[in-house]
Amino acid sequence: MTIVKKAKRNKSEIPSTADSTGKTKPLKETTETRYHKKFTYYTNDSIIGRSLRMYGEYGQSEIDFLLDVLNNITNKPKVIYDVGANIGVHATAFASAKGSHVHCFEPNPLNYNMLKLNTKGLDNVTLHKAAATNVAGDILIQTFDPEVPGNYGEVLINKESGVSAKAVRLDDVDIPAPNLIKIDAEGSELGVIQGCLAKIKKNLPLVYYEAQESPHLDKIYDILTDIGYHLYWGCIRNYNAGNFKNNTDNIFGTTALFSVIAVPPGWAKVEGLEPVKDAQDSWKRFITPTAE
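Just so you know, the sequence shown maps onto residues 1 to 292 in the numbering used here.
A hint or two may mislead.
[As the list claims (entries may be wrong)] Restricting the straight-line Cα-Cα distance to at most 30 Å, the calculated cross-link-like pairs of lysine-lysine (DSSO-like) are: (1) 199 <-> 219; (2) 38 <-> 245; (3) 245 <-> 25.
The set of hints was computed from the structure by calculation and includes no laboratory data.
Quick caveat: nothing in here was measured; it's all calculated off a predicted structure.
With the sequences and hints as input, model every part of the structure.
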């Protein structure tokens, strides 16, 4: 298996680029998804945007798993912290769960504006234009040029350059406690968890975080297992044969993304998933080397 990483403007204000025929093309497009009739994405986004264009979805098997978790919560409100909400693929899905309320945290101004557009009219979604970290204040984050093709989901905190953004500790944000925390913070997952540790210890939500970009999986393992969490590997293939558009053209091959599912104490064992063995365990043990 090969791995790949993973203000609203009027139409007249949207800049365009030229395609191979010399004609200009808008920098954003719309498509129908399972959860949105006109979901908007950046045309030149080579991962999320391309997947939405081809399949009307991105990371659907991950979304299906998390929605199943939410739909099995019946005795209390369903509060989701969507950390690294990007343009709202997960948020619009989470918002479809009955009784849910989604708090989205997204610091990148370009992604935030698209997130705002895609969640417009959803009363059970609250947006926070901020990064979730372990230290509140002002930070610098990477951004992108919508005229240049690239992976627009790969936005990292950068200590030396970038655009200014607000950082918050989730423990300090006065919002209801979570049942589910989904974290896609491009390597900053440890800081997110450290900044939310009081709420995690008190409320024991399911915590789902990306593994591939995180350099501190061992520290996260120690923090969560000390509380009594059980950790499992999640493998999300980029191509879903049962995709929304029934498109059989697999542009992603066998590429996939790895995450960790942290199940709180008292929950039933998750069948069919490989446990994280210890603090030194790595998603790389699942990779089949390719021939040169």
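Status of each hint after checking the structure:
1. Proposed proximity of residue 199 and residue 219 is supported: the alpha carbons are some 18 Å apart, at most 30 Å.
2. Taken as a hint, the residue 38 and residue 245 pair is honoured in the structure, with Cα atoms around 14 Å apart against an allowance of 30 Å.
3. Taken as a hint, the residue 245 and residue 25 pair is honoured in the structure, with Cα atoms around 23 Å apart against an allowance of 30 Å.
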